[in-house]
Amino acid sequence: MAIIESTISPGSEAFKSNADGMLALLERVRGYERRSVATSARSRERFEKRGQLLPRERLSLLLDPGSPFLEISSLAGLGLDNPDLEKSVPGGGVIGGIGWVSGVRAMINASDSGIDAGALQPMGIPKQLRMQELALENKLPYIQLVESAGANLMTYKVEEFVTGGSLFRNLARISAAGLPVVTVTHGSSTAGGAYQTGLSDYIVMVRGRSRAFLAGPPLLKAATGEIATEEELGGAVMHTSISGLGDYLAEDDRDAIRIAREILAKIDWNRDLRVEPPRAFKPPRHDAEELLGIMPMDHKRPVDMKQVIARIADDSEFLEFGENYGGATVVGHIKIEGLPLGVITNNGPIDPAGATKATHFIQACCQSRTPILYLNNTTGYMVGRDYEEAGMIKHGSKMIQAVTNATVPQITIYCGASFGAGNYGMCGRGFHPRFCFSWPNAKTAVMGGEQAAQTMVNVTEAAMKRKGGEVDREKLDEMERRIVERFDSQMSVFTTSARLLDDGVIDPRDTRTVLSKVLSICRDAELREPHRMQFSVARP
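Per our numbering, the sequence shown starts with residue 15, numbered consecutively.
Quick caveat, the hints were computed from the structure, so don't treat them as lab data.
All figures in this text were calculated on a predicted structure; none of them were measured in a lab.
There may be inaccurate statements among the hints.
[Stated by the list, open to error] Cut-off 27 Å, straight-line C-alpha distance, at most; resulting in silico cross-link-like pairs (DSSO-like, lysine-lysine):
{"#": "1", "residue 1": "Lys153", "residue 2": "Lys349"}
{"#": "2", "residue 1": "Lys101", "residue 2": "Lys153"}
{"#": "3", "residue 1": "Lys296", "residue 2": "Lys320"}
{"#": "4", "residue 1": "Lys349", "residue 2": "Lys296"}
{"#": "5", "residue 1": "Lys30", "residue 2": "Lys320"}
{"#": "6", "residue 1": "Lys280", "residue 2": "Lys153"}
{"#": "7", "residue 1": "Lys320", "residue 2": "Lys349"}
{"#": "8", "residue 1": "Lys30", "residue 2": "Lys280"}
{"#": "9", "residue 1": "Lys320", "residue 2": "Lys171"}
{"#": "10", "residue 1": "Lys296", "residue 2": "Lys531"}
{"#": "11", "residue 1": "Lys153", "residue 2": "Lys531"}
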């Protein structure tokens, strides 16, 4: 393969400006994440009085020491619990991600009960649904660390009640797909949330702390007049000795985590995988630190995305496909830690030749079973009379059809702009990439704010003239300002990631590490053949 030579000048003012902008955005992301951790940690005294561990302490004990953990959607719900971003606490009330437990790679869903006692937070349901989708697609066991006050009745929304049922449907689907569901119920698991516990294959309950009932004492009294204590209604001893809901009785949180780890160790989950020796590889020739300064903060400035590829690919090698045809669309083959990967990226808008080339390349990757990486950096498909006559719509449609029906894992990273139908052709979130991440500077929108505003100004001005009136320039200027503001306020990762339009915002310097993790996850999924059943595992 050809080696990509560096054309980056780390000492230039442009590079320094780009890097400073990227670092500022990255610090903002990390600041929001730290706020979630700190808000949960404020409950430490209350947890310690009850003899409990904080949610992140539970997670730390569950994971194999020193093993990687790929957190999912840490910015979920940002600005949706409180429109003041300086007070918003993101995360959706859930800590989620993929990690190693007793040598088994699993999806982990931990209630962040240090925040509002684990009550449902904005985007908490969609975040958990995404985690379940990833578990199913990647054939991962599903581990739950449950302690939730359930829905906040003061902010009840019927749509959350109805769509929340999908959480329980998916637990049944995960089990029936042959993927073990292991749940530690650390505290409350109430009303509909009781089924989060009940729809599990292995259930660990904690003496004196676990609570699982369809109606707690207040609701029970209101509904039937019956009076009972929480322990009588749904305590760990009752459920593990009388109802049969619980399988294991733990003495405290640490003991419960120990039991969960033993369950994963005993089921011999990795027996189906063909063990492959590690592949030899050379790291990139160029420093990953330089990824900070490649992307300009202004998405209208051109970027050579081959310089990004050079800093994530093994030995900075890139076998470009169709280099001289549709050159603004860059495609080719690389390896990440020895694993083959097709790459599609953009050095500008996608023209008919670029769309045709990308379609060909996607189909070729499917033929050779090579996963595909989309590095988004495009303002969309080309427009104009010449491009329409050249068949831009039909060639763009071919590319979209290929993306939609690709039979290999597709991974998307938003590196810069992802505008218009270019978002679709480059496997945006709506096209269900296996994993989807953003760099802090990424922008996603139907078009740029200036283009949207100018379009509406032109339409409105023409309408004014048709009616024979005067053109109200002041009115047009105000409309233009409002449209630009509306578009610009929605295109940043602080809006898109909050709404789960990606799986998280990553440091550009970590791109290769993240890719190596998800490629390994995808590869294991391709090799694994769980024992599927007609129904999920039922309680005794």
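Evaluation of the provided hints:
1. Lys153 with Lys349: holds, 24 Å
2. Lys101 with Lys153: This hinted pair is violated, its Cα atoms lying about 37 Å apart.
3. Lys296 with Lys320: Holds - the C-alpha atoms of Lys320 and Lys296 are around 18 Å apart, at most 27 Å.
4. Lys349 with Lys296: holds, 10 Å
5. Lys30 with Lys320: This hinted pair holds, its Cα atoms lying about 19 Å apart.
6. Lys280 with Lys153: holds, 18 Å
7. Lys320 with Lys349: holds, 14 Å
8. Lys30 with Lys280: The given pair, whose Cα atoms are some 52 Å apart, is violated under the 27 Å limit.
9. Lys320 with Lys171: violated, 47 Å
10. Lys296 with Lys531: holds, 17 Å
11. Lys153 with Lys531: Holds. Lys153 to Lys531 sits at ~15 Å (cutoff 27 Å).
Going down the numbered hints, you'll see the structure goes against 2, 8 and 9, while the others check out.
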